[in-house]
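Colleague: Sequence:
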Amino acid sequence: MLKPNLNELGKLAKDTHNETKKYFDKLKKKTPKNLDYVMQDLHDAEFKKTDCLECANCCKTTGPLFTSADIERISKSFRQKPQQFIDQYLRIDEDNDYVLKSVPCTFLDSDNKCFIYDVRPKACREFPHTDRKKFQQISDLTLKNVAICPAAFNIVEKMKLKIPI
159 MLKPNLNELG KLAKDTHNET KKYFDKLKKK TPKNLDYVMQ DLHDAEFKKT DCLECANCCK
219 TTGPLFTSAD IERISKSFRQ KPQQFIDQYL RIDEDNDYVL KSVPCTFLDS DNKCFIYDVR
279 PKACREFPHT DRKKFQQISD LTLKNVAICP AAFNIVEKMK LKIPI
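For what it's worth, the working numbering labels the leading residue of the sequence shown as 159, then goes sequentially.
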């Protein structure tokens with residue numbers, strides 16, 4: 159299995175997009191009973207050999223959604239009122255969600271470490287969501303994530319081999 163680098167990832171994701179989309183459509187119609195277990199194993203195996211600090215493409219190219227719990231937790235760590243944090247760092251997007259004003263992420267350091275790692279948003283903690291229960295329900299999100307995250311790309315490619323539909 160190839161380990162795509164970031165320069166190749168966009169093209170590889172585009173080349174496999176239609177095949178992966180068809181696979182996910184079939185997966186939704188006929189979900190294997192053991193899907194969550196298989197996905198957890200694939201996720202764990204991939205992240206045993208993946209160092210996110212070498213990449214941080216998710217932090218460089220996308221912004222997480224901030225829940226009210228995220229805003230409370232992060233603003234508290236900054237000793238700010240939630241509204242101050244919102245005014246300084248966030249905007250409301252077209253889905254009426256709080257997101258960063260800009261990308262790359264404001265909290266990403268030059269060494270790819272996160273300034274707010276211990277209190278980071280839930281969306282960051284769970285990215286790329288390949289170990290999410292009922293994985294088949296987030297296929298649209300996963301189709302986007304395979305173009306951003308080399309680990310997610312590898313997990314989905316291995317999934318297609320491990321669970322032929």
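It is worth saying that the hints were derived from the structure and are not from the lab. There may be inaccurate statements among the hints.
No farther apart than 25 Å at their CA atoms in a straight line, the calculated lysine-lysine pairs in the DSS-like style are these [what the hints assert, rightly or not]:
(1) K188 x K292
(2) K186 x K271
(3) K320 x K207
Colleague: Against the structure, test the hints numbered earlier, and report the numbers of the ones violated in rising order.
Modeller: 2
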